[in-house]
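Read off the chains here:
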Amino acid sequence: MVDVTLAAVTCTHPSGTMLFPAMWVSTTLAEPAHFSWLETGLLVAGIVASITLFFWRFGPILRNIFHSKKDADFSLHPVGRRVWDFFWEVLCQGKVIRQRPLPGLAHAFVFWGFLAFALVSSNHIANGLQIGFLSPESYIDKFYFLFAAAWALLVAVGITGLFIRRFFVRPIWLGKKVSIESGWIAFLIFLLMVSYLGAFFVSPDGAAVKALWWTHTLTLLVFLPLIPHTKHLHLVISPVTVFLKRDGFSKIPPLTGDEDFGLVAGKDVTQLVSLQVYSCVECGRCTEHCPAANSGKVLDPKEIALGVRSYLNTLGPASDVALLAEARPETSFAPLLSMEAAFECTTCGACEYQCPVGIQHVPVIVGLRRGATNTGMWEDTYGTKLFLALEKNGNALGLSSMERDKFIQKEAFPIFDGTQEYCLWLGCMGGYDPKGREIIADFARVMNYLGVTFGVLKKEKCTGDPARRLGNDLAFQTLAEAGLKTFETAKVQKIVAICPHCVRTIANDWREYGIAPEIEHHSEFMARHKDHLPKQASGESIVYHDPCYLGRYRDVYEAPREIVRQAGTLVEAPRSHERSFCCGAGGGLAFLGEEQGERVSHIRAAELAGTGAKVVGTACPFCNTMFRDALAEISEAPPQLLDIAQLTARALPNASESVNQQVR
Amino acid sequence: MSGVLVVMEQRDGNWNRMSFEALTAGQQLAAKLGVECSAIVMGDGVGSLAVEVSSKKLAKIIAIEHTLLKAYTSDAYVAALDQAVKQAAPAYVIFPHTYQVRDFAPALATRFRSVLISDVIAMHDGPVFVRQLLQGKLNADYRHTAAGPCFVSIQAGTFRGDAVEAGTAAVETFAPTLDAAQIRNKPGELFRESAQTVDLSAAPVIVSVGRGIGEQENIPLVEELAKALGAELAASRPICDNGWLPMERQVGSSGQTVSPKLYLAVGISGAIQHLVGMKGSKTVIAINKDENAPIFEVADYGVVGDLFVIVPALTKAVLAARG
Amino acid sequence: MKILVAIKQVPERDAQVHVAADGKWIDESDLNYTINEPDAYALEEALQLKEKNGGEVVVVCAGPERVTSTLREALAKGADRAIHIEADDLGARDTLGVAQILADAMKAESPDLILTGLQSDDLGLGQTGVVMAELLGIPHATIIMHVEATGGGLKVKRELEDGWFQHVEMPLPALLTIQSGGNKLRYATLMGIKKAKTKETKTVQAAAATAPAIALERVYLPEKQKKTEMLTGTPDQVAAKIVEKLKFEVRVI
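Residue numbers (my numbering), protein chains in the order written: chain A, 1 to 664; chain B, 1 to 323; chain C, 1 to 253.
Simulated from the structure, these hints should not be mistaken for lab results.
Quick caveat: nothing in here was measured; it's all calculated off a predicted structure.
Straight line, CA to CA, 25 Å or less: simulated BS3-like cross-link-like pairs of lysine-lysine:
(1) A/K251 to A/K494
(2) C/K107 to C/K199
(3) B/K279 to A/K458
(4) A/K267 to C/K194
(5) C/K202 to C/K50
(6) A/K392 to B/K261
(7) C/K52 to B/K186
(8) C/K227 to A/K458
(9) A/K392 to C/K195
Chain A extracted, bound-state conformation:
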């Protein structure tokens, strides 16, 4: 680009102009030489009106954000990560391009063009006030004008592309309703670029240059107040949102004080949440990747953000009116900001992962659940059954802990007594579910084979994961504190678990109440020891399903794949890694009743089976149990379903032949 521009500069006539047949083309931007008092007066009036109209709307928005509750846990730390996110997500437009390459690039052109234009536009207005600071005659400025012109071309192309996408291609994620305002904005941006570029094609003395100048100016003056009135507000605030977003993926903030039960009413909405919901640009990436929205449920993460926004616009940040539609029947705004929707979320985090403007949906949705559950407003037969089971039995399945004791006896697992290296955490699936037990038993075989010592806890309660995600802070706190005490009493140093939900909850969520011993997922453990585990030559095709709580939540993608590669040929699902599609179990939903619409597990199971792989490899007992039912239903001869521990253990010599090797 630069080369071309330089070439263009060097080949021009010393006067700076060239005569093409029937066309005046210049490498110098034409600027009006003189402005009358009337024109200056009109300009000043226009600027005042434009800025007034901008703040007329932007002021209340800022007020709503600043008057929202302070985020008690907010800290700028780690600044390095924030600077990087800002650089990558805002300046480089990394997320925008990566998730949707073509429209992403078009958007990036517009954004970068805007940056390139910042000086040009300021100078343009300044000229009208006779205080222009760039001179078309200066070589540096001339170069800059040409540089901006190149960007103007790219912006014009980009915005035209986006216009065609929105009005002709019309992807469903942008919503059913055609956004006329987007059309107008696109038109204004196009007009800005054309009126700028046009100034290279007119003589500096004619009437045309004035006409172009006024066109450009008026477009700018109209554009500015449109920003806060439309979703283009993100131009102004999303860079701030990206920089300030809460540290940690899907992090649920602690409750503060005796009156905080989560997001009950407007007064509970924090500044970060306000800032985030005002940033929403309605691009629909969250909707596109949401398992609920894609299976015929009410929940649409975009509508949650927009719902909170319209709540703030309607009632303000100090309101006592409930946030959830069911609890404010006399209001008509944001019907999708509802309890029904909030409790359809699997907390898979795809929305949050995709969002290019820094909105963290999961803490908001869990916050709404907290508001409903902590106050007892949420009444659901299955939810209540789950909570009572956690209260009474300490496990999510409501089974007697004697069932777990029997299983431990049957498998002859050693009880952790402080002499072993690892505490093997069973979890409710590993301790009670027949399939989960198979996984645990096989993983124990792997540990034995490796000669790694381990023991299981005599008594174990749920980590509180389903209570946490369903917004029951009392049950969660009780279980977290009990768990921390158990580990402390047993003097556990290192934990390994087969369930990513247990790992996440112990490693991150328990931190509110204390520091748990170091914990890792069995995929990480096995990947570390993979050189000592047998490599299987079968070459059998295995499609690996990334569990949300291992991938997006823990950033572990490679470890389980290494295990799969040891066992056969790894096949990738159409949606994998960060874009993996949920199995439908997370967020406590595995314990709730029948789903609305299509089952999430069926959609994913069909996708996995569709790869033609012989085996579906999982790394989470919940994914496993969801697919167990789903696979059998979608296919007469479904692929085999095996956890990575089972994939590994099947190649081990029989227990009787196994020699404990000291390999570490």
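Start from chain A and add chains B and C according to the hints.
Frame of chain A, contents of chains B and C only:
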């Protein structure tokens, strides 16, 4: 003060069959103690019932007759039995452990400053009465230590009702002093719930079918067994998912939670989602072709085999047994 | 309506119990305690009656210091006040003795209605409610599924055997023993726990124990442990064996 007195239960001239189990218990206790056993029949117009029991080996039958005893009220029953027991002065008063007994017998015992030893499952020398603690986790031996009569109620099925010893007994009529004013409760007619939707949670017997049934056409096979047993038909989730049976018949974590006396699982492997819905069943019988199916871990009786052969054979046997 | 709910603290249902050294009770050292489940339903019924008709719900529990945790949970679920009858020797009292100390504490409150669970998860005698009513001289009804306040009295639905029910009308004050499962229990909430901190718990001393009328002499493991019995043979033989079990063990034929 001596002897055993059995309080039998009737409603509208029909015996509660558990009365005869209590009668067997009373006879056996009396034999062990070397004392006489008598029985009480109470109500309004129970003469023919009393005559029916006079063919049993009893010292006497006390027929407590009063118009205020027509419909059961605890106030009338306690007052009448208070008088009758005082007059008969037995050492032991035996009841069947029915819902009605649970309603009045503790109050009656209180009148004698005693405590009912309820829900007894065995009697040993002493006499020591055995009852269950902590939902059957433990057994406990109880002994009566007060001066007055000892009140005991017998759990259903502990003694055989058809093992009552025959003999002859004289019928004595006892007219208690009752005043309508002392009866505070007004009992209504008995009724059953109209079964609008399937309420598996209240069903005493459930036959449940799982994926092992293979195809929808095979469902009637299990339906016939359920009919023969007078059971409700239930299913695991895959069956309801396929629409082979309505969703309301689903047992499990996303369906109903049941606790029947008998849960007969046919072709159900026993996924955890299913197990949590039926773990409260008193007895579980499982029929499955896979001997490693987890359902066998929770079953009391298991049959490994082809359900398509076993179920029809069982249906036939059940029908034969019921006559 | 002023409703008193008598609740009992019992070992958790799935607790692994061991017989104590003296063979007279279980080893309590490693046990976790919780509210007796039928009493939880009694409390739920009381809370629903209050929500419908207004009034006050007071929970009453006899036992050592540890029972206050169960009282606090009841307050968290919505009870207004709690009364703790301090007694460390419940094991030395029989049903009559326990009912007596509960009745003494309740009399002072002059309630309109007393609710309790139909039986306890540990002893399972199922009599405390009825004995209390007798001691207090008020009418009672047992195994109640549903309660409705009528003008000055109650209309209750009693459960009878084999799927039969009966409505009973009775005057107040009265005592009811509540069947499990008639209502849906509510879960404890953070808000409830926070509110419970501000509610009153009154402690009263239990009168000295008197000589019991019945004595628990010995506890022991039942001989038959639950184990899967596999039935084998030809289909007809298996069917005959099952029918045998259904007749004499399960008793459904």
